[in-house]
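*Asks:* If you use the working numbering, the sequence shown corresponds to residues -10 to 553, in order.
Be aware that one or more of the hints could be misleading.
Below, in silico cross-link-like pairs of lysine-lysine (DSS-like), each with a Cα-Cα straight-line distance of 30 Å or less [as the list claims (entries may be wrong)]:
hint, residue 1, residue 2
1, K483, K50
2, K4, K416
3, K4, K43
4, K187, K262
5, K115, K272
6, K(-4), K551
7, K187, K146
8, K(-4), K377
9, K146, K272
10, K187, K105
11, K50, K519
12, K50, K479
Okay, the calculated beta carbon distance ranges per label pair [claimed, not checked]:
hint, residue 1, residue 2, range
13, W381, G413, 12 to 20 Å
14, E523, E296, 41 to 49 Å
15, D387, Q(-5), 39 to 47 Å
16, D297, P435, 40 to 48 Å
17, E94, A488, 35 to 43 Å
18, E94, R304, 30 to 38 Å
19, G189, E296, 36 to 44 Å
None of these hints come from the bench; they were simulated from the model.
Glycine is no exception: its CB is placed at the ideal position from the N, C-alpha and C atoms.
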Amino acid sequence: MNFTLQKLTQYDGVKGPLLLIILDGMGLYRGNDEGYPGNAIDNAQPKNLFSLLKNETIVTKLKAHGTAVGMPSDDDQGNSEVGHNALGAGRIFAQGARLVDDAIESGRLFESKTWKEVIENSLSMKTPIHFIGLISDGNVHSNIKHLFALVGECDRKGVEEVYIHGLLDGRDVPPLSALRYFGELEDYLWSLRVQAIKDGTKRLYHVASGGGRMVTTMDRYEADWRIVERGYHAHVLGEGPKFPDSLTAIGALREEYQADDQYLPHWVVHRPKNPEEPMGTIKDDHNVILFNYRGDRALEISRAFVEDDFTGFHRQYRPHVIYAGMLQYDSDTHMPPRYLVVPPAIDRTVSEYLAKNGIPQYAVSETQKYGHVTYFWNGNDSAKFDEKLEDWEEIESDQLPFDQAPAMKAREIADEAIEALRLGQYKFLRLNFANGDMVGHTGSLPAAVDAVKAVDEALGSLIGAIDDMGGTLIITADHGNCEQMIEVDKKTGKPVQGAGGEYKPMTSHTLNPVPFIIHGPDTDRYELNKDIQEPGLGNVAATILTLLGFEKPADYLESIIKVV
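Given only the sequences and the hints, what does the whole structure look like? Please build it.
*Replies:* Here it is in C-alpha cells:
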C-alpha cells in the first residue's frame, strides 16, 4: 500500500511544532435559554479559551455526535471512543450501536462462528449462558435492545438457563434511571419464563448480579483493578450482599448509600428458597458473553476471564468457559479471541501516514484518557506504527472520585507536553485533557467549574510555550458534556427542576457541537473551507495534514481550512 503523502504546492506547512489539544467533554452549549445555569464553561469564564474563541480568525464548530461519528442517527450522543476514532481516521466508519444494529437486523451475528459455538456448547453440555453488560439505552457502551435480541435468540434455540449480570448506568442516561431499565429487563425475562410454562418447557432466565458501572466491572486503562475484582467475584462467585431480585437490590442500596446509580456497590440475587445461595454463578463449561460494544471499559474484565497469566487481581477461582465479547475490543492484543461482531476495519489513520512519511510524533494524557490519544486515535490498535518516530507518555490518574480532585492531571499533562515541545524533535504532538468529561459525568456543577478552570490554566501555559517556539495549536473536543450539566426540557428549552425545586443534574454526553480553533503565526494564510456544509470531527485529520504541508489522501474527508 502506498503511504506517500504529496506536498502542497502553495504551502510548505507550519514552521514550528503542531500541537493538537483535545478538551475532552467540553462542547458549545446551543440551548434556547440564554440564562442557562448548567454550563460549567460559561460559569468558569476560562479567559484563555474565551480569548481564543473571540480573537482567532480560524474559529468554527464541529459536529461530534450521531452520523458524524458513525452512530446510527443524530439522536445518538457522541463519545470518546468514536470521537477519537473519527479524529484520527479522517473518515467515518460504522460504529458501536450502528455496527451491532446491522449485525442483529441482518442476522449476521447469529450466523457467526462464535455465536453458534456458544449455543452448541450450552445445548450439548446443558450449561447456562451468562450475559454481562451495561443495562441502558445510552448507546455509548451498550444498548438494552441488543441484550433482548440475544436473550430472545437463546429462547428460540432452546437454551434453558440464562443469567444476566447487569451493570447500572446513570452516566450516559439520567443518574437515577436504573429501576426503569431493570424493570424492563425483569418484565422481559418473566414473560419468557411464563411462556415456557405454557409451552411445557423450562426457562431459568434471571438477573443474577450487578452493580454501578463506576465501581463494578467497568474499569479502564488499569486505573483501578479493584473495580473489576468486585464485579468478577460478584458475577463468578456470587460474592456480595444478596437480594431477592434486582429491583429490590437497587432500591435498598440507593437508600443505604444515597448515591446515583453509577456508584451503587455490587450486589447478588439469591435463589428464591435460599437467601444464602446465589442465583447464577459462573462455573466450568458455562458460556459468558460481554454484550458491551465499546472497548475501553470491556478489556479488563475480558482479560480476567481469558488470560492464563492474569495478574490484575487474585481471581480465587477461574472457571473454564467459552468467553466472547460483542466486539473484539483490541485488535493488537486480539482481546478477546472470540467475539460476535466484526469491528470496523479502521486503517490508514493520520498517524500511520505521518509515521510512514518520517514525521516524529508525541502523545500524552493521563490514565483515564491515555488510550484515547493512542489506541482509539490509531483506529482501535494499541501498537505504534514506528517505535523510533513515536513517543507516548501516560500520566497516572488519581484514584479519587473526580469531583473531589477536579484538576485531575491537567497541570502535569501540560508540563510534559511543554517539555516534549522544548526537545524540538516532534513535528506533531497531541494531548487530551480529561477533566471536562470525567468531572462532568459526576453531575457536580461546582466541581466541573473547577475542572474547566484547571484546564484553562494549563491551556494558558501551552499557548505561551507554543508561541515561544513559533508553533501552531489546534484546539477542539471529542464531544460535549460539562457545558450542559442540568437537564433541559426538550419542548421548552428550560432547565428541569425536581420535586424539591433543585435542578435535575445531567451526567451524560450531549448533542452539542464542539469548538475548533487554530492559533499560530500563519493563520492569516488560512480561511475556512466553505465547501463543507457541516464540518465534523472526521475533517480534523485532513486539516492536520494541510497544516503540515501535505495533500490529504483521496478518500479522507475535506480539510476544515484552505490555504490562501
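*Asks:* If any of the earlier hints don't hold here, list their numbers in rising order.
*Replies:* none
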